[in-house]
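Reconstruct the complex from the two isolated chains, following the hints.
Chains as they are written, first to last, in my numbering: chain A, 1 to 313; chain B, 314 to 589.
The set of hints was computed from the structure by calculation and includes no laboratory data.
Ideal Cβ placement from N, Cα and C applies to all residues, glycine included.
It is possible that some hints are incorrect.
Partial list, derived from the structure: chain B residues whose beta carbon lies under 8 Å from chain A [claimed, not checked]:
#1 His326
#2 Pro358
#3 Glu413
#4 Leu461
#5 Phe462
#6 Leu567
#7 Ile578
#8 Val579
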Amino acid sequence: MSTLTAAPAPERVAEPPRRGPSRRRRKDTIAALVFLSPQLVGLAAFMVGPLVFALVLAFSNWDGFGAATFAGFANFSEVLSNPRIQRSVVNTVWFTVLQVPGLMISSFVFALLMQKAGKMTSAYRLCFVAPVVTSSVAVAAIWLWLFNPEISPVSSALRSIGIQAPDWLQDPNFVIPAFAIVSIWQGLGYQLVMFMAGLQSIGSSYLEAAELDGCTGWQKLVHVTIPLLSPTILFLSITSIIGSFQIFDYIYVFMDSNAPEAARTIVYEIVQIAFREFNFGQASALAFLLLLSLLGVTALQLAAQKRWVHYAE
Amino acid sequence: MNPRRLAGRTILHTALAVCAVLMALPFLWMLLSSFKPLTEIFAHPPALFPLEWTTEGYEKAFTGADFLRGFWNSTYIAVTVTAISLLTSAMAAYAFARIEFRGSKPLFMVFLATMMVPAQLTIIPLYIIMGGLGWVDTHAALIVPAALFNAFGVFLMRQYVKGIPKELEEAAELDGASRFRIFTTMILPLLRTPLTALGIFTFLGQWNNFFGPLIFLNSDANFTLPLLVNQFKGQYGADWTALMAATTLAAAPLLILFGVAQRQIVDGIALSGSKS
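The following block holds chain B by itself, in its conformation from the complex (with noise of 0.2 Å):
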C-alpha cells in the first residue's frame, strides 16, 4: 500500500471510528451512569466510568415501578401482532398479486394512500370506537387495529408474491390443489425472508410504540416499556441513577435483540425503502 493511500485510509477509519463512538456514548453513559451513586452523576468534571459502582438505581427501578409486568407486556402485544400481522398481510398480498378481480386495483391505491394518513388524524375517532368497544385500557385497543391492519405489509409482501415464477403454482393448480393449500405449502415458505424482515420490523414498531398506549391505556397494570420509563420520569426526576437504571432496562432488551439479529434488522430497513 503506497503512503497516500495509507494516509488516506488512517484518516477514514479514524474518522468513521470516532463518530461510531459517538453515536455509541450516549448508550454508554446511560449504562454505566445506571451503576453511579447520585453524587458522582453530579461531579464536576464528569467521569464515565463509576468510581463506586452501585445497584440502587435498579432497586428503585424495581420497587417503583413493575418492569417485569410492563415487560410482558410489551412482548406479548408485539408478539402477537407481529404473527397475525404477518400472516393477514401476507393473505392480503397474495389475493393482490395472485387472483384476478374486479377491483383489485383501486382497492390495491386505496391501501397504498392510507400510508400517507398520519395516525394523529385516526387515533380520536379511533379512541371513540374504543371506547363504544369498551377497548380503552385494554390491550385489544393496542393489538386488533395493527393487526388486522398494515398497509406497509400488504405492499411489501405483494412485491415479492408477484417475484415469485407464476409456473411453480400453475403446476400444482393442474395437480387440483386449491387456493388455500399453494397459499399454504408454497407462498408462505417461498416469502420466509421478506416476512423474516418485515416481522422484526413490525416488533421493533410495536415494541417501541409511545403513542398509541399513550392515548389508549391508563392502568399502570397495563402499561408497556414506553410509557412505564416516562412516568417513572415523572416520579424520579431528578434521580438520574434510577432513571438511567429503568432506560437501561427498557432500551437492553431490544439493543440484545438487534446484536443478534443485526443482519435481518439492516436488510429490513433496506427493504422498507423497496419499490417499483
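Chain A extracted, bound-state conformation (with noise of 0.2 Å):
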C-alpha cells in the first residue's frame, strides 16, 4: 500500500510542462484512496493483519495468556506426528473424495435433464436450490433426524424391504459418507443453477453442427457439451475442493463439542485445539497447512487444465 501513496514521481512534478498531466495523476490517486478506503481498512486489519499474525502465532508457544515464547517449527512437527489429527486429515480427504465427484456429477446430470425439462423448470429448481438457502444448522438438525435408526423414515422405509441401515451417525464406518450425503443434498441445487447457467451460455449451433455430422447424443456429450463446459467444470472443482476441506457446520450439530475420532476433520480441530485446548499456535500451525494444502491442490488443478479444459473464443 505504501506504492498508492508515494504515486507521483518528484522529478517529474519539477517540470513545468508537465505539471498538467502529475497534478491529474496525484488527485486520480487521492481519488482511488478515497474510494477504496473502507475495503483497504478490512483487507489491512481483517485478512493482511491476522494472516501475520497467524504467521507469528504458528512459531509461538501462547495460550492467550501471559507471554508468548518462540516455538521453531515444533507445532508444525506437533501437528504432523499427532495422530488424531492425521485421522482427521484421512476424514477430511475421504469426505472430499466422496462429496466432491458426487455432487458434481449428480448436478451435471440433473443440469442436462433440467434443460429439456421445459415450463416446469422452475418448479423443479423450486425443490432443488431450497436447502442451498438453508442453514447448514438447519440442515443438520433435520438430517440428524432422518439419521436417526430408531425414528428416521428413511431406515423404517428401508428395514420394509430388507436392508437394515447402518446407524450413520455413531458408525466409525458411516459417519463421513453421511456428512457427504448431506452436503451432496444441500449442495446440488448451486451447481445445478451453475451448470444450467453454462450449458445455456453453449448455445445451440454447436450441437446442431454435431448433430449434422451424424452424431449420436452420447458423442454430442462427450465431444461437444463437456469440453465447452469445461470452464464451468474447472471453476466447481475447484471451489467445491476448498469448501469441502472446510467441512465443519454439520459435525458441530450432529456432534457437539465432543465428536469421536471418526467424525472429526481439519477445521473441526483447528477449533477445538484453539478454543478448547488454547493452544493458538499449534491451531494455527494447523490451519497453515490446510491452506498450503489447499494452494497445493489448486495450483495442481490449474496445472492440469491445459490439458482438459477448452475455453470458446
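Okay, here's the thing in C-alpha cells:
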C-alpha cells in the first residue's frame, strides 16, 4: 500500500510542462484511495494483519495469556505427528473424495435433464435450490433426525424392503459418508444452477452442427457439451474442493464439541485446539498447513487444466 | 407428438419430479413433524402427516429459546452487513475499474488471492484482535469485518463497472462532474441488477453464518438463529417435536424469501461463477 501514497514521482513535478498530467495523477490517486479506503482498512485489519499474526502464532507457544515464546517448527512437527490430527486429515480427504465427485456428477446429470424440462424447469429448480438457501445448522438438525436409526423414516423404509440401515452417525464407517450425503443434498442446487447457466451459454449451433455430422447423443455429450462446459467444471471443481476441505457446521450440530475421532475433520480440530485447548500456536500451524494444501491442490488443478479445459473464442 | 417422444418426456418428467420431491421431502417432514405429538414421531411405520395436530413443539421453542430475539439479531446483522458491504465493494470496484493509479493491479491481485484463504486461518488472530477491541460477545465482531472486507464483492462489481461504456462518464466529466458525483448518480444506478444479486448472496451468507457467531458470541441474548437452533438441540435433544419446530422457525423466513426472490437468488448463484 505504500506504493499508492508515493504515486507522483518527484522529478516529474519539477518539470513545468508535465505539471498538468502530474497533478491529475495525484488527484486520481487520492480519489482512488478515498473510494478504496473502507475496503483497504478491512483488508489490512481483518485479512493481512490477521494473516501475519497467524504466521507469528504458528511459530509461537501461546495460550492467549501471558508471554508468548518462540517455538520454531515445534507446532508444525507436533501437528504432523499427532495421530488424532492425522485421522482428521484422512477423514477430510475421504469426505472430499466422496462429496466432490458425487456432487458434480449428480448436479451435471440433473442440469442436462432440466434443460429439457420446459415450463416445469422453475418448479423443479425451486425444490433443488431450497436446501442451498437453508442454513447448514437447520439442514443438519433435519438430518440428525433422518439418520437416527430408531425413528428415521428412511431407516424404516429400508427395513420394510429388508435392508438394515446403518446407525449412520454412531458407526465409524458411516459417519463421513453421512456427512457427504447431507452435503450433496445441500449443495446440489448451487452446482445445478451453475451448470444450467453454463449449458445455456453454449448455444445450440455447436450441437446442431454435431447433429448434422451424425453424432449420437452420447457423442455430442462427450465431444461437444463437456469440452464446452470445461471452464465451468474447472471452476466448480476448484471451489468445491476448497469448500469440502473446510467442512465444519454439520459435525458441530451432529456431534457438538466432543465428536469421536471418526467424525473429526481438520477444521473441527483447529477449532478444538484453539478454543478448547487454547493452544493458539498449534491451531495456527494446522490452519497454515490447510491453506498450503488448498493452494497446492488448486495449483495442480490449474496446471492440469491445459490438458482438458477449452475456452470458447 | 410421436409415441417415442411422448414416452421419453414422460420418463424425464417422472424422474425429475421424483427427485424434486425427494429434495423437498426433508423440509416437508420437518414441517409436519413439528406438529406431531412425540408418540407419533416414534411410531412404526412412520406417517408423513400427523394424526393429531399439536403446537406443543412451538410453545416449547418459544419458551425454551428466545426466537424472536434471535430473529431480530440475525436480521439486523445480515441487513447491516449487506448494506454497508454493497456500498464499500462498489466503491472499491469503481476505483479498480476506472481510476488509474500506481499499484492498482498488484493490489487487486491481493484482493483476489485472499479469496483462497480459509476463514479458519484468520479466525484465531481475529478473535484476539476482537478481544483487544473489547468486541468479543458483541455484534460488532460479526458486522465490522464482513462489512468492510468483501473480496468477492469487489471482484464481481469490478467486472460490471468495466462493462459500463466509458463514454457515459466522459461526457459527465466534461460537464465538470466530480468522481463522487459520477459514482453516485451514474455508476451505482447502473449496477442495480448485479448489486441486487450480490446483496441477496451476502445476506444469505450472513443469515446462515454459524462459524463466526459460534466463535465470537457467548451470551444467549446475542445469539443468532443458527446458534439458537444448535443450543436448543443441546437442551431438547430427544424432544424431536420441539427441535423440528425450532428448526422450522429458523428456516422458514429464508424459505419464504426464497419463494419471493427465486429469480434473483438463482441469478446470484449463476453470477458467483462468472469470470473473465
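Tested hints:
1. His326: 7 Å, holds
2. Pro358: 5 Å, holds
3. Glu413: 6 Å, holds
4. Leu461: Check passed: Cβ of B:Leu461 comes within 3 Å of chain A, closer than 8 Å.
5. Phe462: Because about 3 Å separates B:Phe462 from the closest Cβ in chain A, which is inside the 8 Å limit, the hint holds.
6. Leu567: Holds, because the Cβ-Cβ distance from B:Leu567 to chain A comes to roughly 5 Å (cut-off 8 Å).
7. Ile578: At 6 Å from the nearest chain A Cβ, B:Ile578 passes the 8 Å test, so the hint holds.
8. Val579: Interface hint status for B:Val579: holds (5 Å vs cutoff 8 Å).
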